[in-house]
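*Asks:* Once you've looked at the hints, dock chain B against the given chain A.
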Amino acid sequence: MLKVLRYPLQALNYAVFMLLVWYFSAAPSYTQLQPDQAVVTVAFAHAGKRIEECRQLSQEELARLPPNMRAPMDCPRERSPVTVELLLDGELLIEEVAKAPGLYNDLGIDVYRSAKVPVGEHTLAVRMNDNMRVEGPTYTHEETVNLEPAQLLVIDFNSETGSFVVQ
Amino acid sequence: MNKRVNPIKRSYLLLEEWFTLSFGSSWNPLYHLGTLAFFFFWIVLISGIYLFIFFDTSIVGAYTSVEYMTHEQWYAGGIMRSLHRYASDAAVVTILLHMFREFALDRYRGFRWWSWVTGVPTLWFVITVGITGYWLVWDELGLYVAVLSSQLMDSLPLMSGSMSRDFLAGRLTDRLFTLMGFLHLLGQPILLIFAIWLHVKRLSHVEVTAPRGLAVGSFLALMALSLLVPATSHGPADLTKVPAVLRLDWFYLNVYPLLDKWPGEQVWMLTTSITVLLMLMPWLPPKKSERVAEVHLDNCNGCGQCAQDCPFDAISIQARTDDARWENEVVVDPGLCASCGICVGSCHSSNPFRHAKKTLETGIDMPQFPIDDIRTRTESALSELKGDTRIMVFGCDNANDIEALRADNVAVLSLFCTGMLPPTLVEYAQRQGADGVFITGCRTGDCYFRLGNSWLDQRFEGKRKPALRQRAKRDRITVYRAAETDTAKLRRRLAEFQRDIAALNQEEAVSRSSQDREAGDA
Numbered sequence: 002m003l004k005v006l007r008y009p010l011q012a013l014n015y016a017v018f019m020l021l022v023w024y025f026s027a028a029p030s031y032t033q034l035q036p037d038q039a040v041v042t043v044a045f046a047h048a049g050k051r052i053e054e055c056r057q058l059s060q061e062e063l064a065r066l067p068p069n070m071r072a073p074m075d076c077p078r079e080r081s082p083v084t085v086e087l088l089l090d091g092e093l094l095i096e097e098v099a100k101a102p103g104l105y106n107d108l109g110i111d112v113y114r115s116a117k118v119p120v121g122e123h124t125l126a127v128r129m130n131d132n133m134r135v136e137g138p139t140y141t142h143e144e145t146v147n148l149e150p151a152q153l154l155v156i157d158f159n160s161e162t163g164s165f166v167v168q
Numbered sequence: 011m012n013k014r015v016n017p018i019k020r021s022y023l024l025l026e027e028w029f030t031l032s033f034g035s036s037w038n039p040l041y042h043l044g045t046l047a048f049f050f051f052w053i054v055l056i057s058g059i060y061l062f063i064f065f066d067t068s069i070v071g072a073y074t075s076v077e078y079m080t081h082e083q084w085y086a087g088g089i090m091r092s093l094h095r096y097a098s099d100a101a102v103v104t105i106l107l108h109m110f111r112e113f114a115l116d117r118y119r120g121f122r123w124w125s126w127v128t129g130v131p132t133l134w135f136v137i138t139v140g141i142t143g144y145w146l147v148w149d150e151l152g153l154y155v156a157v158l159s160s161q162l163m164d165s166l167p168l169m170s171g172s173m174s175r176d177f178l179a180g181r182l183t184d185r186l187f188t189l190m191g192f193l194h195l196l197g198q199p200i201l202l203i204f205a206i207w208l209h210v211k212r213l214s215h216v217e218v219t220a221p222r223g224l225a226v227g228s229f230l231a232l233m234a235l236s237l238l239v240p241a242t243s244h245g246p247a248d249l250t251k252v253p254a255v256l257r258l259d260w261f262y263l264n265v266y267p268l269l270d271k272w273p274g275e276q277v278w279m280l281t282t283s284i285t286v287l288l289m290l291m292p293w294l295p296p297k298k299s300e301r302v303a304e305v306h307l308d309n310c311n312g313c314g315q316c317a318q319d320c321p322f323d324a325i326s327i328q329a330r331t332d333d334a335r336w337e338n339e340v341v342v343d344p345g346l347c348a349s350c351g352i353c354v355g356s357c358h359s360s361n362p363f364r365h366a367k368k369t370l371e372t373g374i375d376m377p378q379f380p381i382d383d384i385r386t387r388t389e390s391a392l393s394e395l396k397g398d399t400r401i402m403v404f405g406c407d408n409a410n411d412i413e414a415l416r417a418d419n420v421a422v423l424s425l426f427c428t429g430m431l432p433p434t435l436v437e438y439a440q441r442q443g444a445d446g447v448f449i450t451g452c453r454t455g456d457c458y459f460r461l462g463n464s465w466l467d468q469r470f471e472g473k474r475k476p477a478l479r480q481r482a483k484r485d486r487i488t489v490y491r492a493a494e495t496d497t498a499k500l501r502r503r504l505a506e507f508q509r510d511i512a513a514l515n516q517e518e519a520v521s522r523s524s525q526d527r528e529a530g531d532a
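Same order as they appear, the protein sequences are chains A and B.
Residue 2 is where the first sequence starts when you use the numbering used here, and the numbers rise one by one after that.
Residue 11 is where the second sequence starts when you use the numbering used here, and the numbers rise one by one after that.
Here chain A stands alone, though its shape is the one from the complex (with noise of 0.2 Å):
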């Protein structure tokens, strides 16, 4: 082919090109949200409570452990999965049970679960299980809230006041 008509024919590849490129590098767009939708993300870090007391080591207990490990408390690492729970309006809508990581599962647990919710007034009840030798919710809130377009409400806890936030 005459070289002078492969430059039309270039232009063109070179126009398809182009047009992949800038449609997928931009369209089609994605919708994450409703316009009638809002998110409410449950975040926060916390550590359960131990699964056992410490307990106080007895003289004998003592004596036949070597001298540079005599802790007078026994204290077992393991700590309590934290359970939580979000409920909107009294429908359950956020559910996480959160196994202490580590290898002796002694570590705080990190909470970040978010739900996608209508906008509008809605009651938020929070219940939170730390400990497993108790039966039922160690911390617990509720709360009236009034959910815009595309808000992010995200429920804190706050482990120094054992109290919930909401922001």
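No wet-lab data here; the hints were simulated from the structure.
This structure is a prediction, so every number in the text was calculated from the model and none was measured.
It is possible that some hints are incorrect.
Taking CB as the label site, the calculated pair distances span [claimed, not checked]: (1) B:A417 with A:V17: 36 to 44 Å; (2) A:A64 with B:R181: 48 to 56 Å; (3) A:G103 with B:K298: 48 to 56 Å; (4) A:T141 with B:K271: 26 to 34 Å; (5) B:K271 with A:V17: 30 to 38 Å; (6) A:T141 with B:T281: 16 to 24 Å; (7) A:A16 with B:T281: 31 to 39 Å; (8) A:E143 with B:A86: 35 to 43 Å; (9) A:K4 with B:V15: 54 to 62 Å; (10) A:E92 with B:G245: 27 to 35 Å; (11) B:R181 with A:R78: 26 to 34 Å; (12) B:A234 with A:E92: 53 to 61 Å.
We treat Cβ as the ideally placed atom computed from N, Cα and C, and that holds for glycine.
*Replies:* What follows is chain B alone, placed relative to chain A:
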């Protein structure tokens, strides 16, 4: 009868033909996908350096600095930003096409397993550099990418702590942002360069520069796109809001919408499974391995031409281990040898005029098809030809099946690669009675063994050793390359060549008879 060509390969070859029609063989973009990807990376690098000069690596300043470049400095920063984005996307397209090409042409198994296996994670490296790039803009899309990437990381069992919580209002600090900047600007590109180095490690004569015409055309096309549709940001990232509608870059962010439906663990499982499956493809099923080249020191003077010509870096030169008078010898690494036979064509000892009465031995040979067999089969094929226009066709096993060309006056001999053909064999065929020698093989620019076509051309042009000697009748030699689907074209070209040879025969007969007459008159 020609072999059946599978529909994927047939479609690919059609596409290739279209590009050859548009660009010619030397500029056909499908033959330069690797170098084109390199070229796009250069654009990304240069535009990236410019953007970095004006970019503010902080939560507060990132978005405003990008907006400043996009709108206030549209004539420079804006264009650079658009080039940065579109060249990155174009690189992904060329890499994906590169993968598809190797798959369609069955160039990913056997001795090519290394390039395929290292190529798959290289694509992931490219994708991750793009992901951190989108993160840095710190618009709604950047926030989306950051939060979902963190969720993906959090779902890995080895990660302790929650990265996702860092993106809640009041928690984010410049530190994480600086880390992302470091990763995108330095850490990931270094890893990518290392991955590319590994990818081409088993090749010699690696081309990294795209042909000038193709580079200029691609750059102009990217410039035009950047001016017509400049890259823009979403709204600024707001940690109290969830971005609702996003203009995703599907070349880089296609996995993220899955996180809306599936937990991170499942997304990891899917992507890891696809990656592993892709990496295992060279063995699903494995390609039959061929015997590798063997060095015959008795006929090797250690000149190293085969080592220079080997497309897969399988031949090295070392000090002589026998008591011959030569300084060096060559050694074949069986793990790297592709059994292409190009080294046989390179060896000066593969001259069929040597040892005319006994077995022809050469310095480096293919045990399954030695040079002596090639000479014998050429002689035998030529001896059976009838008619006035006797043609010897040399072809290659990876292009058009030349068996279909066999006729009373056409002899055929298929080699592993036309690069395996010693130029002296062409001359030898002419001496053995071939009126014309027709050489075919993989399409120009698309040699199955990478360099066979180029070396053959250079040897014929006298630019590479061993060169075609002057005494060969060049007007009776032609090279026409044809893929498996080019049978009709190949037949047409052979028929033309036969007519040309017939005309030459006639001219020579006339010239001879006039010379005879003149001699008689004298």
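*Asks:* None of the hints should be skipped; say for each whether it holds.
*Replies:* Structure-based check of each hint:
{"no.": "1", "hint": "B:A417 with A:V17: 36 to 44 Å", "in the structure": "holds, 42 Å"}
{"no.": "2", "hint": "A:A64 with B:R181: 48 to 56 Å", "in the structure": "holds, 49 Å"}
{"no.": "3", "hint": "A:G103 with B:K298: 48 to 56 Å", "in the structure": "holds, 51 Å"}
{"no.": "4", "hint": "A:T141 with B:K271: 26 to 34 Å", "in the structure": "holds, 31 Å"}
{"no.": "5", "hint": "B:K271 with A:V17: 30 to 38 Å", "in the structure": "holds, 32 Å"}
{"no.": "6", "hint": "A:T141 with B:T281: 16 to 24 Å", "in the structure": "violated, 39 Å"}
{"no.": "7", "hint": "A:A16 with B:T281: 31 to 39 Å", "in the structure": "holds, 33 Å"}
{"no.": "8", "hint": "A:E143 with B:A86: 35 to 43 Å", "in the structure": "violated, 56 Å"}
{"no.": "9", "hint": "A:K4 with B:V15: 54 to 62 Å", "in the structure": "violated, 30 Å"}
{"no.": "10", "hint": "A:E92 with B:G245: 27 to 35 Å", "in the structure": "holds, 32 Å"}
{"no.": "11", "hint": "B:R181 with A:R78: 26 to 34 Å", "in the structure": "holds, 28 Å"}
{"no.": "12", "hint": "B:A234 with A:E92: 53 to 61 Å", "in the structure": "holds, 54 Å"}
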